[in-house]
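Peer 1: Make a model of the complete structure from these sequences and hints.
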Amino acid sequence: MAESTDMRLRLPLLCIILEVILIILFGLLVEYNDETDAKLWNENRTHSATRNDHENEFYYRYPSFQDVHVMIFVGFGFLMTFLQRYGFSSVGFNFLIAAFSLQWATLMQGFFHGMHHGKIHVGVTSMINADFCTGSVLISFGAVLGKTSPVQLLVMAIFEVTLFAVNEFILLSILGANDAGGSMTIHTFGAYFGLVVTRVLYRPNLDKSKHRNSSVYHSDLFAMIGTIYLWMFWPSFNSAITNYGDPQHRTAMNTYYSLAACTLATFAFSALVNPEGKLDMVHIQNAALAGGVAVGTAGEMMLTAFGSMIVGFLAGTISVLGYKYLTPVLESKLKIQDTCGIHNLHGMPGVLGAIVGAVTAALATPDVYGQGLQRVFADVETGQWNPQSKGGFQAISLAVTLGMALFGGLITGLILKLPIYGAPPDAQCFEDGVYWEVPGEEEDQHELYEVATPNEVEKLSS
Amino acid sequence: MAESTDMRLRLPLLCIILEVILIILFGLLVEYNDETDAKLWNENRTHSATRNDHENEFYYRYPSFQDVHVMIFVGFGFLMTFLQRYGFSSVGFNFLIAAFSLQWATLMQGFFHGMHHGKIHVGVTSMINADFCTGSVLISFGAVLGKTSPVQLLVMAIFEVTLFAVNEFILLSILGANDAGGSMTIHTFGAYFGLVVTRVLYRPNLDKSKHRNSSVYHSDLFAMIGTIYLWMFWPSFNSAITNYGDPQHRTAMNTYYSLAACTLATFAFSALVNPEGKLDMVHIQNAALAGGVAVGTAGEMMLTAFGSMIVGFLAGTISVLGYKYLTPVLESKLKIQDTCGIHNLHGMPGVLGAIVGAVTAALATPDVYGQGLQRVFADVETGQWNPQSKGGFQAISLAVTLGMALFGGLITGLILKLPIYGAPPDAQCFEDGVYWEVPGEEEDQHELYEVATPNEVEKLSS
Amino acid sequence: MAESTDMRLRLPLLCIILEVILIILFGLLVEYNDETDAKLWNENRTHSATRNDHENEFYYRYPSFQDVHVMIFVGFGFLMTFLQRYGFSSVGFNFLIAAFSLQWATLMQGFFHGMHHGKIHVGVTSMINADFCTGSVLISFGAVLGKTSPVQLLVMAIFEVTLFAVNEFILLSILGANDAGGSMTIHTFGAYFGLVVTRVLYRPNLDKSKHRNSSVYHSDLFAMIGTIYLWMFWPSFNSAITNYGDPQHRTAMNTYYSLAACTLATFAFSALVNPEGKLDMVHIQNAALAGGVAVGTAGEMMLTAFGSMIVGFLAGTISVLGYKYLTPVLESKLKIQDTCGIHNLHGMPGVLGAIVGAVTAALATPDVYGQGLQRVFADVETGQWNPQSKGGFQAISLAVTLGMALFGGLITGLILKLPIYGAPPDAQCFEDGVYWEVPGEEEDQHELYEVATPNEVEKLSS
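Residue numbers (the numbering used here), protein chains in the order written: chain A, 1 to 462; chain B, 1 to 462; chain C, 1 to 462.
Since the hints were derived computationally from the structure, they do not count as laboratory data. Note that the coordinates shown come from a computational prediction; the quantities given were computed from them, not determined experimentally. Treat the hints with care, since some could be wrong.
Straight-line Cα separation of at most 30 Å, DSBU-like style, residue types lysine-lysine; simulated pairs [claimed, not checked]:
#, chain 1, residue 1, chain 2, residue 2
1, B, Lys119, B, Lys39
2, A, Lys208, B, Lys278
3, A, Lys278, C, Lys208
4, A, Lys278, A, Lys208
5, B, Lys417, B, Lys333
6, A, Lys335, A, Lys208
7, A, Lys278, C, Lys210
8, B, Lys278, B, Lys335
9, C, Lys335, C, Lys210
10, C, Lys333, C, Lys417
11, A, Lys324, A, Lys335
12, C, Lys278, B, Lys210
13, C, Lys208, C, Lys335
14, B, Lys208, C, Lys278
15, C, Lys210, C, Lys333
16, A, Lys210, B, Lys278
17, A, Lys210, A, Lys417
18, B, Lys417, B, Lys210
19, B, Lys417, C, Lys278
20, A, Lys278, C, Lys417
21, B, Lys278, A, Lys417
Peer 2: Rendered as structure tokens:
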């Protein structure tokens, strides 16, 4: 007998327990930082002749934060509404797990690299970082979309956020890697984590829900809202936590050019791989974004507009080809059911981004960067820096990330396989009605009335 | 006989007369302020060694303004598109009354607290304040949604904006209250004003339009666009006009945490109150925002992330319970037909926000705020400040707001009851076709053609 | 025999060739500017006592850039989704030609007014300018919407961007005109260019696709997303590249008031011109934006809120009247098939904006502008400035723009008339299915199953 999908006790219990734990931990551990605390900020301000309220980091980080925030909630949320009967869940569960993850991420990231005298200090930068970590969870959500209960998703978020923070700590604090836009920490990690989870949760009889695992006309338009917002704000995403000044400015611009070139590649290859030369919405919705992923590491470096465009073009190309040729093979041979094709949007472009980052770092010279060298590669200051070893550490970072993602995804997938979360049965996947009160369609009622009312049908048949 | 709903003369006449009056009053009364006037700005700039163009308040307020602007036009507008046949009116009338209200609010607010030598000075701060006042009108719109003509809505806006400005003046200038995010001035005022208006306009036979007073699948997705934008930008809303530096930074962050906790509470209680444990889109669309309302007063204070999360969790809880248990009672017992449930999203959370603000103010100490105390509680400077009396004034402010809202709503409701505005008949509520040219549905035509053309029907029946 | 619309070779070939050319030219010609180059920025920074990272132009231009970016990709893209079966193409082709145009514009604009020692220097300002130029192409797209292949659109973009850059160079660098918000360079140019192109591509048998050349209920709501974003962010558009300080602040505010007044005029005249007093979505979606176009030149001047509101009111009025009375005449008499009515939204309001700009410039006095005079009218510094001649140059600029647009549109139209681009046949216009894989409608399947399955039909008829 199929497991009940009733969420009446499971979901409220989990949400309330998690939020209570979060509140208690925030009460014990979290404090305003120097820029948000009334006492600290005003002490610092009056002690410094040049420091005034306009220099609060709020004014230099908050616009980027809001762009990232839009990507997390509108971008990811609506991108996944492409399924015909899963719009409520796409936007709604995205909303739920993002709201949870950003709180949990604040604690986990703070624990690993934000502790000051036993307290976690928060401000706009921790808000951006928490949103970044959340992005990683939402990437994984894309792989299991339509096949999991909200309880499962929350449990996945608990583990994934934790491992994200560990991996990020190893990369940034131990290996001294550069990864401002998260090609490795966010995209590669989130993608391979999610792919392993969906592999473990493999459903041999998923074709029972096949008729709902596709889009309709309007759902594709809703998804384009997500796509376009992700595309527009990706320059803000990649530059949100770089150093101030030229690095932030340059990162945004490199991302802008990479995405523009990626879009042309996407349209080109989408038409090319179709027998009738018709464009496929799946490609436009997803592959056009791969250019942002692929400059997530090198974006802050002196990649040049020229280099960014090459990377973007390449990313769009492999992403479309992945959707067309690789995804079906992954499903049939490796039993990886990847609903949104995150391997093509985040997986391969993320690895490409890591490699581009390693190469660009290995080619860095004081001649090109001038005094800006140490501001991009922080470890220059330690005196131990040389480009080749830096490139090597970047490559090691990619390997660590892949290892963490595969291992973490495996453990998490096994935990999620327990039959206690109310996952939908095979014939009820990709269906909002399992977890939501779904209203009728106006059109149906309308037609029943206008086209064929019961009376008319009766009359006709008599 | 039913009153005609023809808008051909009434709406153009009212719009043109109002706009001509606005233009004349702006011509007589409104001037650029020091930051927007070419002469004044450049005089000040050259007289001051440290003041340069980068310090124009534009750069520190305008990004917040744009976020607020998105909330007013996209947030409120799309949130109300949940009704199946009222999308044009929801976005369209929202657009119309917001465009009017922001002009009228500039005059009214300027008249009460922006006069300089007989002139109203305008700049980005007055733009934010005008948008805030507009928000209050749009809240009230939510209560009467579907049951009023655009002429009625404009008349309501004339009165509500005026009374809003009076109430705001009493609270901020006379009582010296803190209310940066408008828990009292915007949400409590707008909600109870609207509830009294809809009470006065009570329609005993509204069930004639019952079949249209609900959502369809796609309309719920459109509404989620509104919800998510409101949710994301609420930190900007609450912080838009606080003092620069730590207060603005802190307000945004407190709101962010309050909303995150509120979202978990909303999902928890939405599933809990449903017999099958299914989530209800009405709750997700609305109650998840209550956390922003509830920290509208205390957000700029040292509420801490911990405190914000408790308030947010509480707000989400009472909001869902309100939708489930209180709204039906308000309608059946008190004859308050509250289309959007503004009592649950703005009313109760607004009152909660006012109380939290009063308590937090009463607990303020120099030990916690340091030299920041006078920057949060401006009246510290006057030397008459003590926390308890401050808390008392906050509480009095809530009472004044409630009084103004109830009284103003009553008068306005009675004026709107006159049968001269072309309100829709009971059987035509929640219907765009009354005031809009509505195109056919592609699907209908399509089906008439594909599923059952007249010929086919004939053939079948013969 | 009709030309094949198969894009399988044409579109990929063109996209790939264009992108390869772009990449090569970027590699040869484009360099980071002083604010984005690691070496240059840090050299400048350390040589200057007062210049710190917070003064990088990124922080003062990038928020405006992102607002403009949203207008280009979401605003224009969704505004055109009003057609019932052309949503994929509206958003998708908008996306494609914008991604191409912004790269090509960077080169063309850089070539004409951004060369430094043989290199084009790029930064956030060049990004805004490239987006502006792109906007012009998208305006022209509105005229030919539904009647052109993506290959045709890309070819149009190649020519239009080039001519835009020439015209912009003549106006800004030779004639010294003011046009910060592009009433002339963007709107007038884009509109008349597009109108001539659609005139040359006149289709006498377009009524074969008449049934698709209209909206459906949901498509009108999608279009309102575009409208509202354009409306909200227009203040950012007009102010994005003005001088810092008071001009930028003033421009945003003037635009805000112009748009508000325009919206009331639009609602008034939309109801007035309808026999039953019903509002028309076409007017609300488009004419309400004319106020932004019409202050594109004068917005940075001391137009005052009063003046802005008069201009906005006028713009909304002529725009609605244009949709109602002029568009049908243009089509029947002049054979101009203007799908989106760009003549009403961009053409007439653009010319109005140019005239308002000329008059406002001619009325400028040192008494009103003080030391701000030379910051608004840069040529004051040359000593040759007087208001009347300035006004004259503004008027000449309008004439030049119209000439360039008409001539450029004619040439481009003739090139686009060649039967090699795979344009849709007359009976297949306004139809996504020509160039896109279009999914079925859920509703159809649903109904076929629920309302009248083949079996039921058979049973009924037997």
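Peer 1: Work down the list of hints and note, for each, if the structure agrees.
Peer 2: Hints, one by one, checked against the model:
no.	hint	in the structure
1	Lys119/B / Lys39/B	17 Å, holds
2	Lys208/A / Lys278/B	23 Å, holds
3	Lys278/A / Lys208/C	23 Å, holds
4	Lys278/A / Lys208/A	28 Å, holds
5	Lys417/B / Lys333/B	21 Å, holds
6	Lys335/A / Lys208/A	16 Å, holds
7	Lys278/A / Lys210/C	23 Å, holds
8	Lys278/B / Lys335/B	29 Å, holds
9	Lys335/C / Lys210/C	16 Å, holds
10	Lys333/C / Lys417/C	21 Å, holds
11	Lys324/A / Lys335/A	17 Å, holds
12	Lys278/C / Lys210/B	23 Å, holds
13	Lys208/C / Lys335/C	16 Å, holds
14	Lys208/B / Lys278/C	23 Å, holds
15	Lys210/C / Lys333/C	18 Å, holds
16	Lys210/A / Lys278/B	23 Å, holds
17	Lys210/A / Lys417/A	21 Å, holds
18	Lys417/B / Lys210/B	21 Å, holds
19	Lys417/B / Lys278/C	22 Å, holds
20	Lys278/A / Lys417/C	22 Å, holds
21	Lys278/B / Lys417/A	22 Å, holds
Taken one by one, the earlier hints all hold for this structure without exception.
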